[in-house]
Every structure is written in C-alpha cells, then in structure tokens.
Amino acid sequence: MTSPDLSAGLVSLLPRLRRFARALTRNPHDADDLVQLALERALARAHQLRPDAALAGWVFGILRHAWIDELRARARSDRVFAPEESGQHVGDVGQASPVEMLSVQEAMERLPQEQRIAVALVLVEGLSYKEAAHVMDVPIGTLTSRLARGREALQAMLGGS
Amino acid sequence: MTFSDETVMAYADGELDGATRAAVEAAMLTDPDLAHRVARHRELRARLRTEFDPVLDAPIPERLLAAAAGTLAQARTGNIIALERKPPRNRAWPQWGALAASLIVGVLIAPLLRHAPVEGPVGIRDGKILASGALADALSEQLASNQIADAPVHLGVSFLSRSGDYCRTFTLRDKSVVAGLACRDREQWRLEALAATRPAGSGSGEYQTAASALPPAIEQSVDALIAGDPLDARAEAAARGNGWHH
Chain D
0 MTSPDLSAGL
10 VSLLPRLRRF
20 ARALTRNPHD
30 ADDLVQLALE
40 RALARAHQLR
50 PDAALAGWVF
60 GILRHAWIDE
70 LRARARSDRV
80 FAPEESGQHV
90 GDVGQASPVE
100 MLSVQEAMER
110 LPQEQRIAVA
120 LVLVEGLSYK
130 EAAHVMDVPI
140 GTLTSRLARG
150 REALQAMLGG
160 S
Chain S
0 MTFSDETVMA
10 YADGELDGAT
20 RAAVEAAMLT
30 DPDLAHRVAR
40 HRELRARLRT
50 EFDPVLDAPI
60 PERLLAAAAG
70 TLAQARTGNI
80 IALERKPPRN
90 RAWPQWGALA
100 ASLIVGVLIA
110 PLLRHAPVEG
120 PVGIRDGKIL
130 ASGALADALS
140 EQLASNQIAD
150 APVHLGVSFL
160 SRSGDYCRTF
170 TLRDKSVVAG
180 LACRDREQWR
190 LEALAATRPA
200 GSGSGEYQTA
210 ASALPPAIEQ
220 SVDALIAGDP
230 LDARAEAAAR
240 GNGWHH
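Residue numbers (numbering that gives the first Met the number 0), protein chains in the order written: chain D, 0 to 160; chain S, 0 to 245.
It should be emphasised that the hints constitute simulated quantities derived from the structure, not laboratory data.
Fair warning: there could be bad hints in the mix.
Derived SDA-like pairs (lysine to any residue); straight-line CA-CA distance at most 25 Å [claimed, not checked]:
1. D:Lys129 x D:Leu48
2. D:Lys129 x S:Arg189
3. D:Lys129 x D:Asp51
4. D:Lys129 x S:Gly240
5. D:Lys129 x D:His46
6. D:Lys129 x S:Arg48
7. D:Lys129 x D:Trp57
8. D:Lys129 x S:Val37
9. D:Lys129 x S:Asp16
10. D:Lys129 x S:Thr29
11. D:Lys129 x S:Arg44
12. D:Lys129 x S:Arg41
13. D:Lys129 x S:Ala21
14. D:Lys129 x S:His40
15. D:Lys129 x D:Asn26
For clarity, every value in this text was computed on a predicted model and none was experimentally measured.
Work the whole structure out from these sequences, hints included.
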C-alpha cells in the first residue's frame with residue numbers, strides 16, 4: 000500500500016480509532032493522544048502492512064500496542080496500574096456494592112486491560128472473534144475467555160436485569 | 000438442553016455456526032431463562048454502543064487529521080503544493096489518481112474545522128467525508144445562474160458524473176478561500192476534492208468567480224468525473240427541482 004493510499008485509509012478510520020481509544024481510556028485527551036501515536040506508528044510502518052491485510056485490524060493492533068506501552072510507562076512512573084490479568088477481583092468488587100451504580104466508562108476503566116481491550120474490539124468496534132483475536136495476537140479461545148470475563152464483570156458493575 | 004455461558008455469549012454475538020445456532024434458537028422458545036441470558040448480552044452491547052458511538056460524529060481534531068496525512072509533509076514538495084504554485088496542466092489524470100480524493104480532503108479539511116469547530120462545512124460520517132451546514136444547504140439549494148455576489152458559498156459548474164450522480168464545484172469564502180467538488184450521495188453531498196485557492200484580493204470586487212478560478216486540483220477532478228458537458232442554467236434548475244437525483 001502506498002503512503003497516500005494509507006493516509007486516505009487512516010483518515011476514513013479516524014472516527015473508529017477515536018471510539019476504540021475512548022473505550023480504552025476515559026480521558027478524551029489521552030484517547031486522542033493514543034490515536035495520534037497509533038497514526039504516526041502506522042505511517043512509519045507502512046511497509047509492514049501486507050496488501051491483503053485488513054487496514055482496520057492492523058491499525059487497531061498498533062493502537063493496542065501503543066496503549067500497552069503507555070500503561071507500562073505509567074506503571075513505571077507511578078505504579079498506579081496493575082499488571083495485565085491481575086484484576087480477577089473486579090467482578091467481586093461489583094457484587095460487593097450493588098447499590099453503587101457505576102457509569103459505563105467507570106466500569107470499563109475497572110476492567111483488567113486485556114478484558115477491556117477484548118470488550119472494546121468486539122462489543123464497541125463490532126469485530127468478529129476471529130478479527131479481535133488477530134488484533135490481540137492470541138488464540139480465539141483466549142479472546143472468548145477474556146471477553147466472557149469482561150462482560151460478566153461489566154454486568155456485575157452496571158447492574159441491570 | 001443447557002448451554003455454557005460462552006455458547007450463549009457467542010450466540011448473542013452472532014458467532015455460532017448454523018447447527019448450534021438453531022439449537023439455541025429452538026431452546027430459547029421454551030426456556031425464558033436462556034432467552035433472558037441472551038437479551039442481557041445484547042443489552043450490554045447496546046449500552047456500550049450508546050456510550051461510545053457519539054464520538055463517531057464528533058468533529059475530528061486538526062492534529063489527528065494532520066497525523067493521518069503525515070506523509071503529505073514529504074509529498075508537499077513534489078505534488079500537492081506544486082499544484083497551487085505551477086499548475087501541471089500537461090499531466091494526465093492517472094498520475095493524480097494515486098492521490099485519493101479523500102486524502103486531499105484530509106489535508107485541507109483542517110483549516111475548515113479550525114474556523115468552525117461545531118458546525119463546519121465538512122464532517123466525517125460512516126467513513127464518508129460529507130458536506131454539512133451552510134455548504135450542504137448551498138449545494139442543495141443555490142443555483143449558479145442566480146446567486147448573491149457575497150454569499151458565503153459560491154457555486155461553480157454542475158454536471159452529471161460518469162457514475163450518474165450530480166456533482167457541483169463550489170468556492171467557500173471564509174478567511175481562507177477554499178474550493179471543492181461535491182457529488183450527490185443519496186441525500187448527502189460527498190466531497191470528492193477540496194483544495195485551497197490562491198488568496199483572493201481583500202476587496203469584495205476581487206472575489207474569484209465561477210469555474211475559471213478553480214484550483215487545478217479541482218479542475219482535474221472535474222475532468223476525471225464529468226460525463227458530457229456541464230449543465231446549463233435550465234438543466235441546473237431542473238436537477239435541483241428533482242432533489243439532485245438523476
């Protein structure tokens with residue numbers, strides 16, 4: 000794919016990239032920073048995009064990596080963020096305080112990263128399990144397990160019927 | 000028959016193969032609890048979409064458009080800016096075909112959004128770059144044969160494209176002067192090209208008029224799309240009368 004074609008593709012993907020980033024991080028400015036970083040990396044790596052590969056999936060994968068890098072950098076600087084997959088208690092937190100209803104964004108923010116990414120790709124961006132597993136570079140079984148746990152935790156936190 | 004949580008989830012997400020899907024659907028008819036589990040999954044998806052979808056229609060920050068068009072910084076010296084400095088009239092369209100119309104828009108959209116961040120002349124919806132606000136209104140209503148000299152949008156030529164859609168060139172007279180080409184896309188106007196024109200003189204009498212002042216990039220886009228001759232005043236009025244549908 001030539002760079003002008005890639006740029007045109009990226010421009011048309013901008014609304015979806017912003018939505019994906021907002022699902023990952025609640026702060027809109029951080030979300031746009033993430034999109035900008037992903038766009039810069041995508042253009043720098045244009046040669047890595049295979050002609051038959053889906054552009055959206057490729058760029059979502061780059062954005063996901065940028066997000067994980069960002070979290071690692073934040074964890075190094077202030078140790079606020081727990082490492083991947085350590086948030087197994089999240090569902091319990093929701094069940095322990097059913098009267099305290101969280102907003103959707105607050106609930107998303109409490110999900111462990113890999114569950115949040117799975118939920119964002121499948122439920123927000125509408126990717127198929129296969130596409131989402133490819134973006135996350137994991138087998139489909141891992142994707143569905145993260146998605147199921149993320150969903151369960153969200154439902155517990157958000158209440159609902 | 001009982002189904003695992005993951006099977007119910009996969010059903011709600013449309014991920015099951017035919018046989019398993021039919022089994023779940025059959026069971027749902029007699030098992031309200033199963034139907035409820037499916038509904039819960041779908042409600043969660045709907046709730047997430049309600050939360051995050053509005054950003055799809057939000058104005059895109061200039062810095063992101065600039066980042067997406069990043070390579071233009073290199074192309075600038077070779078192509079786009081050269082277009083404005085010395086019109087390469089001897090070049091054939093195919094060379095310009097490589098510069099997708101949406102790319103040209105992507106670069107030049109930024110100043111438009113800066114001037115009018117809320118209801119600008121251009122928006123992106125469902126991946127399409129569409130005219131909005133006063134520009135969309137002018138494209139639908141204004142006739143080139145009968146327009147006010149200092150209207151914010153000036154219409155140039157209207158024509159029928161090779162794919163059978165009506166297209167119109169226009170000039171926006173904001174702080175910068177921008178010209179473009181839009182084609183009818185159902186009830187919207189889809190932008191095919193957008194380019195900055197040479198700054199017009201400050202006096203209102205020096206405003207550029209009609210197609211003669213269109214930047215070469217727009218002229219090239221017209222040449223690439225037009226089928227036959229531009230519409231005359233009567234055909235233009237008739238096209239408007241028919242909602243710009245052919």
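Now the hints, each set against the structure:
Taken as a hint, the lysine 129 of chain D and leucine 48 of chain D pair is honoured in the structure, with Cα atoms around 19 Å apart against an allowance of 25 Å. About 33 Å separates the Cα atoms of lysine 129 of chain D and arginine 189 of chain S, which puts this hinted pair outside 25 Å; it is violated. For the proposed pair lysine 129 of chain D and aspartate 51 of chain D, the alpha carbon gap of about 16 Å is at most 25 Å, so the pair holds. The hinted pair formed by lysine 129 of chain D and glycine 240 of chain S fails the criterion: a straight-line CA distance of about 49 Å is larger than 25 Å.
A threshold of 25 Å between alpha carbons decides the hint, and for lysine 129 of chain D with histidine 46 of chain D the separation of about 24 Å falls inside it, so the pair holds. The hinted pair formed by lysine 129 of chain D and arginine 48 of chain S meets the criterion: a straight-line CA distance of about 20 Å does not exceed 25 Å. Taking the CA atoms of lysine 129 of chain D and tryptophan 57 of chain D, the gap is near 13 Å; set against the 25 Å cutoff, the hint holds. Pair hint lysine 129 of chain D plus valine 37 of chain S holds up; C-alpha atoms about 21 Å apart against a cutoff of 25 Å.
A threshold of 25 Å between alpha carbons decides the hint, and for lysine 129 of chain D with aspartate 16 of chain S the separation of about 14 Å falls inside it, so the pair holds. The straight-line distance between the Cα atoms of lysine 129 of chain D and threonine 29 of chain S is roughly 31 Å, outside the 25 Å bound, and the hint therefore fails. In summary, the hint linking lysine 129 of chain D to arginine 44 of chain S is supported, as the alpha carbons are separated by about 18 Å, within the 25 Å threshold. For the hint linking lysine 129 of chain D to arginine 41 of chain S, the alpha-carbon distance of about 19 Å falls within 25 Å, and the restraint holds.
Proximity of lysine 129 of chain D to alanine 21 of chain S is assessed by CA-CA distance (about 21 Å); at most 25 Å being required, the pair is judged to hold. For the proposed pair lysine 129 of chain D and histidine 40 of chain S, the alpha carbon gap of about 19 Å is at most 25 Å, so the pair holds. Our distance criterion of 25 Å between C-alpha atoms is broken by lysine 129 of chain D and asparagine 26 of chain D, whose separation comes to about 29 Å.
Against the hints set out earlier in the document, violations occur for numbers 2, 4, 10, 15.
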